[in-house]
Amino acid sequence: MIEDIELETLINDIYEYYGFDFGSYSRASLKRRVNRIYQLDGFKNFYEFLSKVRYDPEYYKNMIDEITVNVTEMFRDPAFYKVVRNEILPQLAPKPFIRLWHAGCSTGEEVYSMAIMLREAGLLHKSIIYATDINSKVLETAKKGIFPLRMMKEYSENYRDSGGQEDFSSYYIANYGIAKFNEELAEKMVFSQHNLVSDNSFNEFDFILCRNVLIYFDNNLQKRVINLFDESLSILGFLALGTKETIKYSISTTKYKQLEKEKVWRKIK
Amino acid sequence: MAEDKINAKCKLVIIGGSAGSLNALMQILPELSVLNSFALVIVLHRRGTDDMTLEELIKIKTEVPVKIIEDKEPLLPGFLYVAPSNYHLLFEKNETISLDTSEKVNYSRPSIDVSFESAAEIYGDSLVGILLSGSNSDGTEGLKMIQKAGGIIIVQDPESADMPFMPNNAIVHTTPDYILNTDEILKFIISINS
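Those protein sequence lines, which keep their order, are chains A and B. Each residue of the first sequence is one higher than the one before, starting from 1 at the first, in the UniProt record's numbering. Each residue of the second sequence is one higher than the one before, starting from 1 at the first, in the UniProt record's numbering.
The hints are simulated quantities; they were obtained by calculation from the structure and are not laboratory data. Backbone N, C-alpha and C fix where the C-beta goes; we use that ideal spot for every residue, glycine too. Incorrect hints may have been included.
As the list claims (entries may be wrong) - As a list, the in silico BS3-like pairs of lysine-lysine whose alpha-carbon atoms are at most 30 Å apart:
| id | chain 1 | residue 1 | chain 2 | residue 2 |
| --- | --- | --- | --- | --- |
| 1 | A | Lys263 | A | Lys44 |
| 2 | B | Lys104 | A | Lys82 |
| 3 | A | Lys223 | B | Lys93 |
| 4 | B | Lys187 | A | Lys52 |
| 5 | B | Lys187 | B | Lys11 |
| 6 | A | Lys180 | B | Lys104 |
| 7 | A | Lys248 | B | Lys67 |
| 8 | B | Lys104 | A | Lys143 |
| 9 | B | Lys67 | B | Lys93 |
| 10 | A | Lys153 | A | Lys269 |
| 11 | A | Lys44 | B | Lys104 |
| 12 | B | Lys67 | A | Lys52 |
| 13 | B | Lys144 | A | Lys263 |
| 14 | B | Lys104 | A | Lys137 |
| 15 | B | Lys11 | A | Lys223 |
| 16 | A | Lys223 | A | Lys263 |
| 17 | A | Lys248 | B | Lys59 |
| 18 | A | Lys61 | B | Lys67 |
| 19 | A | Lys143 | A | Lys188 |
| 20 | B | Lys104 | A | Lys126 |
| 21 | A | Lys153 | B | Lys104 |
| 22 | A | Lys255 | B | Lys104 |
| 23 | B | Lys187 | A | Lys263 |
| 24 | A | Lys261 | B | Lys67 |
| 25 | B | Lys144 | A | Lys261 |
| 26 | B | Lys61 | A | Lys248 |
| 27 | A | Lys261 | B | Lys187 |
| 28 | A | Lys257 | B | Lys59 |
| 29 | B | Lys187 | A | Lys248 |
| 30 | B | Lys93 | A | Lys61 |
| 31 | B | Lys93 | A | Lys248 |
| 32 | A | Lys44 | B | Lys144 |
| 33 | A | Lys44 | B | Lys67 |
| 34 | B | Lys144 | A | Lys248 |
To be verified - Some chain B residues near chain A, calculated using beta-carbon distances under 10 Å:
| id | residue |
| --- | --- |
| 35 | Asp51 |
| 36 | Asp71 |
| 37 | Lys72 |
| 38 | Glu73 |
| 39 | Leu76 |
| 40 | Pro84 |
Input sequences plus hints: build the corresponding full structure.
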């Protein structure tokens with residue numbers, strides 16, 4: 001197990017050598033993630049680990065991929081997607097053009113889920129989905145739209161629980177253990193690297209999704225990111241977070257109206 | 001028993017359980033009404049869906065106020081918290097709760113080991129860890145960490161557990177401060193709550 005002071009040293013070194021700032025990440029989960037890789041890679045002591053990170057950029061890159069959490073799934077929390085389908089998309093439908101931002105999209109499963117929803121609502125042709133992540137490796141996966149075939153049973157159940165009525169398997173082609181999603185779904189997706197810690201707003205959006213990303217940040221960084229979303233959201237736009245995330249510690253909630261039980265807030269002024 | 005030693009400083013009681021542990025909790029929780037100086041956190045293996053059945057059930061069964069956990073929720077004495085399904089539950093230095101969706105540990109999310117280890121780091125000797133019934137080895141490593149950090153560890157008497165595997169595993173691999181049946185666990189909690 002690494003000590004608190006060692007973790008702080010690592011955070012400082014990563015910033016100094018690579019410019020990446022973990023300083024406002026939640027210490028509890030960051031420490032777990034760093035411990036995990038420290039033990040997996042069998043270092044003899046912390047200083048051996050530290051110099052590997054400092055002087056081996058390839059190792060550093062791998063380490064970042066390992067310590068950032070990239071667990072995701074299609075139609076994650078079907079009840080949420082049901083609300084998207086039945087309440088949010090109908091409100092956005094009259095707009096001539098719909099701009100979405102999926103922040104922290106990881107390998108893209110939720111981005112493809114959204115594209116399916118938009119397509120079924122007849123809105124995909126006039127939508128654009130910006131999908132961003134800090135991790136360039138996951139974005140490469142997301143661009144391809146290729147997911148493990150073994151997951152499709154669960155995803156197809158999620159899809160149905162979210163109110164989907166089509167044949168889910170019509171959205172992909174199965175081949176050698178992989179499911180390749182129809183390219184038509186990806187036509188309206190723009191993938192790019194964006195760091196919520198340091199980058200700014202880059203457009204105005206009608207719907208921002210950032211699900212299970214803020215849980216890895218401390219209160220201050222959560223505040224920064226929620227305010228970044230606030231700047232990037234049009235009036236009457238929607239902000240969706242993970243099922244256990246909230247804006248209430250970050251911004252005056254009088255600007256937002258929460259959609260009943262869901263972690264979705266509508267900007268009202 | 002050593003209650004006198006701990007009752008003044010116990011800030012957190014954390015209970016972990018798997019199969020059969022709900023039964024044990026249903027014997028303990030209805031007898032508790034006010035927690036004076038510590039928070040009670042319950043980490044149970046539960047179905048992966050985002051439902052609130054467990055929270056609702058516990059709310060009905062106890063007078064202790066139940067807080068529905070959101071990320072970065074402050075952990076306050078007097079309240080009962082239930083680890084949400086599909087998230088690991090962690091503790092921060094500023095006494096808030098963090099959630100984490102990383103890989104399952106011991107086939108479980110929430111994992112008892114993950115929460116016990118994190119609580120041990122933050123609460124040290126102001127912590128009591130209790131492991132209940134279950135048929136999985138989760139919890140044992142976490143109990144070790146709690147003990148190492150100076151906390152008290154209690155394991156449900158396997159004889160009184162619906163599923164003795166989990167408490168047995170803990171008894172074999174750790175040296176619990178107490179091995180208690182549900183009635184005695186209740187008495188212990190009441191005794192440190194004076």
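The hints, checked one at a time:
With a CA separation close to 44 Å, the supplied pair Lys263 of chain A and Lys44 of chain A exceeds the 30 Å bound. Of the supplied pair hints, the one linking Lys104 of chain B and Lys82 of chain A holds, its CA atoms being roughly 26 Å apart against a limit of 30 Å. Proposed proximity of Lys223 of chain A and Lys93 of chain B is supported: the alpha carbons are some 19 Å apart, at most 30 Å. Between the alpha carbons of Lys187 of chain B and Lys52 of chain A the distance comes to roughly 52 Å, so the proposed pair goes past 30 Å and is violated.
Distance restraint check for Lys187 of chain B and Lys11 of chain B: the Cα-Cα separation of roughly 17 Å lies within the 30 Å cut-off, and the hinted pair is therefore satisfied. Proximity of Lys180 of chain A to Lys104 of chain B is assessed by CA-CA distance (about 26 Å); at most 30 Å being required, the pair is judged to hold. Between the alpha carbons of Lys248 of chain A and Lys67 of chain B the distance comes to roughly 15 Å, so the proposed pair stays at or under 30 Å and holds. Simply put, Lys104 of chain B and Lys143 of chain A have alpha-carbon atoms about 26 Å apart, close enough for the 30 Å limit, and the pair holds.
Under the criterion of a C-alpha separation no larger than 30 Å, the hint pairing Lys67 of chain B with Lys93 of chain B is consistent with the structure, at around 20 Å. Using a Cα cut-off of 30 Å, the hinted pair Lys153 of chain A and Lys269 of chain A is violated, with the two alpha carbons roughly 42 Å apart. A distance of roughly 26 Å separates the Cα atoms of Lys44 of chain A and Lys104 of chain B; the hinted pair therefore holds under the 30 Å criterion. Proposed proximity of Lys67 of chain B and Lys52 of chain A is contradicted: the alpha carbons are some 44 Å apart, above 30 Å.
Between Lys144 of chain B and Lys263 of chain A the alpha-carbon distance is near 37 Å, which puts this suggested pair outside the 30 Å criterion. A threshold of 30 Å between alpha carbons decides the hint, and for Lys104 of chain B with Lys137 of chain A the separation of about 22 Å falls inside it, so the pair holds. Using a Cα cut-off of 30 Å, the hinted pair Lys11 of chain B and Lys223 of chain A holds, with the two alpha carbons roughly 28 Å apart. This hinted pair checks out: Lys223 of chain A and Lys263 of chain A have alpha carbons roughly 16 Å apart, not beyond 30 Å.
For a cut-off of 30 Å, the pair hint linking Lys248 of chain A to Lys59 of chain B stands: about 23 Å separates their Cα positions. For the suggested pair Lys61 of chain A and Lys67 of chain B, the alpha carbons sit about 39 Å apart, so the restraint of at most 30 Å is broken. For the hint linking Lys143 of chain A to Lys188 of chain A, the alpha-carbon distance of about 11 Å falls within 30 Å, and the restraint holds. Taking the CA atoms of Lys104 of chain B and Lys126 of chain A, the gap is about 39 Å. The hint is violated against a cut of 30 Å.
For the suggested pair Lys153 of chain A and Lys104 of chain B, the alpha carbons sit about 20 Å apart, so the restraint of at most 30 Å is met. Proposed proximity of Lys255 of chain A and Lys104 of chain B is contradicted: the alpha carbons are some 37 Å apart, above 30 Å. A distance of roughly 39 Å separates the Cα atoms of Lys187 of chain B and Lys263 of chain A; the hinted pair therefore is violated under the 30 Å criterion. For the proposed pair Lys261 of chain A and Lys67 of chain B, the alpha carbon gap of about 16 Å is at most 30 Å, so the pair holds.
For the suggested pair Lys144 of chain B and Lys261 of chain A, the alpha carbons sit about 39 Å apart, so the restraint of at most 30 Å is broken. The suggested pairing of Lys61 of chain B with Lys248 of chain A holds, with an alpha-carbon distance near 29 Å, which does not exceed 30 Å. Restraint check: the Cα-Cα separation between Lys261 of chain A and Lys187 of chain B comes to about 38 Å, which exceeds 30 Å; the hinted pair is violated. With a CA separation close to 27 Å, the supplied pair Lys257 of chain A and Lys59 of chain B stays within the 30 Å bound.
For the given pair, Lys187 of chain B sits about 38 Å from Lys248 of chain A by alpha-carbon distance, which is inconsistent with the 30 Å threshold. Our distance criterion of 30 Å between C-alpha atoms is met by Lys93 of chain B and Lys61 of chain A, whose separation comes to about 28 Å. A threshold of 30 Å between alpha carbons decides the hint, and for Lys93 of chain B with Lys248 of chain A the separation of about 20 Å falls inside it, so the pair holds. Under the criterion of a C-alpha separation no larger than 30 Å, the hint pairing Lys44 of chain A with Lys144 of chain B is consistent with the structure, at around 23 Å.
This hinted pair does not check out: Lys44 of chain A and Lys67 of chain B have alpha carbons roughly 43 Å apart, beyond 30 Å. The suggested pairing of Lys144 of chain B with Lys248 of chain A is violated, with an alpha-carbon distance near 36 Å, which exceeds 30 Å. For Asp51 of chain B, the interface hint holds, the least distance from its beta-carbon to any beta-carbon of chain A being 9 Å, beneath 10 Å. Against a cut-off of 10 Å between C-beta atoms, the interface hint on Asp71 of chain B holds, since the closest Cβ of chain A lies about 5 Å away.
A least Cβ separation of about 6 Å between Lys72 of chain B and chain A falls short of the 10 Å threshold, and the interface hint therefore holds. The interface hint given for Glu73 of chain B holds, since its Cβ lies 9 Å from the closest Cβ of chain A, which is under the 10 Å cut-off. A cut of 10 Å between beta carbons decides the hint on Leu76 of chain B: the least distance to chain A is about 15 Å, and the hint is violated. For Pro84 of chain B, the suggested interface contact is upheld, since its CB lies about 6 Å from the closest CB of chain A, less than 10 Å.
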